[in-house]
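Respectively, the protein sequence lines represent chains A and B. The end of the first sequence is residue 114 by this note's numbering, with every number in the run present. The end of the second sequence is residue 229 by this note's numbering, with every number in the run present.
Hints are computed from structural coordinates only; laboratory data are not their basis. Since the structure is predicted, the reported quantities are computational estimates derived from the model, not experimental observations. Note that the Cβ used here is the ideal one computed from N, Cα and C, for glycine as well. Among the clues, some could well be false.
Here are a few chain A residues that face chain B, going by a calculated C-beta distance under 10 angstroms [as the list claims (entries may be wrong)]: (1) L8; (2) G43; (3) S98; (4) F104.
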Amino acid sequence: GESVGLHLPTLSVQEGDNSIINCAYSNSASDYFIWYKQESGKGPQFIIDIRSNMDKRQGQRVTVLLNKTVKHLSLQIAATQPGDSAVYFCAEIRWTDSSYKLIFGSGTRLLVRP
Amino acid sequence: SQTIHQWPATLVQPVGSPLSLECTVEGTSNPNLYWYRQAAGRGLQLLFYSVGIGQISSEVPQNLSASRPQDRQFILSSKKLLLSDSGFYLCAWRGGGKESNYGYTFGSGTRLTVV
Numbered sequence: 001g002e003s004v005g006l007h008l009p010t011l012s013v014q015e016g017d018n019s020i021i022n023c024a025y026s027n028s029a030s031d032y033f034i035w036y037k038q039e040s041g042k043g044p045q046f047i048i049d050i051r052s053n054m055d056k057r058q059g060q061r062v063t064v065l066l067n068k069t070v071k072h073l074s075l076q077i078a079a080t081q082p083g084d085s086a087v088y089f090c091a092e093i094r095w096t097d098s099s100y101k102l103i104f105g106s107g108t109r110l111l112v113r114p
Numbered sequence: 115s116q117t118i119h120q121w122p123a124t125l126v127q128p129v130g131s132p133l134s135l136e137c138t139v140e141g142t143s144n145p146n147l148y149w150y151r152q153a154a155g156r157g158l159q160l161l162f163y164s165v166g167i168g169q170i171s172s173e174v175p176q177n178l179s180a181s182r183p184q185d186r187q188f189i190l191s192s193k194k195l196l197l198s199d200s201g202f203y204l205c206a207w208r209g210g211g212k213e214s215n216y217g218y219t220f221g222s223g224t225r226l227t228v229v
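Build out the structure end to end from the sequences listed, making use of the hints.
Structure below.
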C-alpha cells in the first residue's frame, strides 16, 4: 500500500521566526496537493492547498510553494507561534480506480520555542 | 454544514477479540469515505476507501475489513485483533465526483490499543 512509515523528523524554531517545512512527493501525475496540521491525539486539519498548475499560493501566515520539476512541496509559516506546534503532513491527491485517493507524505514535527 | 463522527475515541481490546469502529457523515450525500491508520509517531496509511454503498476497495492486505451499509456510514471491523492492529484510526470523507476537488475532512480518530 501507499503510505509513509518513516520516523518523523523534527524542526525546532524560535517563536516569531519563520518556519519552512519541506516535502517530496512521488507521483508526477498528481494534480492537487494539501498541507495538513495534526495536533496530538487529533485528526489532521486542512491548512492550505495548491493545484499542480500553480507554483505558489498564500494564505493567512502560510505560503505553499510547488516545484514540479523536482517534485518538491514546501510550507512556509510566518511569525511562528506556540500554537503552530504540531505535526505537519503534505498530501497528494491522485485520481485512480474511479476515486480520489489522498496519499500522505512524510510528516514533520514542528516545535516552537518560547 | 457537514460533520463527521467517529466512535469510540479510545478502545482497549485483548488480542483475539473482535473490533467494530463506526464513522458517520452528516450534511452531505454520496461522499467518498476513507479509513486511515496511524502508528505512533508516524504518517497516515490508507486502509480502505469507498465511493458508494457496498463498494469497498482495500489498499493493503491486512487483518481488517470495511463495510458501507448506508450512504453515510463506514465501518471498520476485525474478527480477531492482533497486537499489530494497535494504532490511531481515522475516518475521512470528501465530496464525490471526478470534477470535485474538495479537501478531505477527518474525524477525531479512535485510539486502539490491543493488549
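So, going through the hints one by one against the coordinates:
1. Below 10 angstroms, beta-carbon pairs count as interface contacts, and L8/A has one with chain B at about 6 angstroms; its hint therefore holds.
2. At its closest, the beta carbon of G43/A sits 3 angstroms from a beta carbon of chain B; the interface hint therefore holds under the 10 angstroms criterion.
3. With a least beta-carbon distance of about 6 angstroms to chain B, the hint placing S98/A at the interface is held under the 10 angstroms criterion.
4. Interface hint status for F104/A: upheld, as the beta-carbon distance to the closest one in chain B is roughly 4 angstroms, under 10 angstroms.
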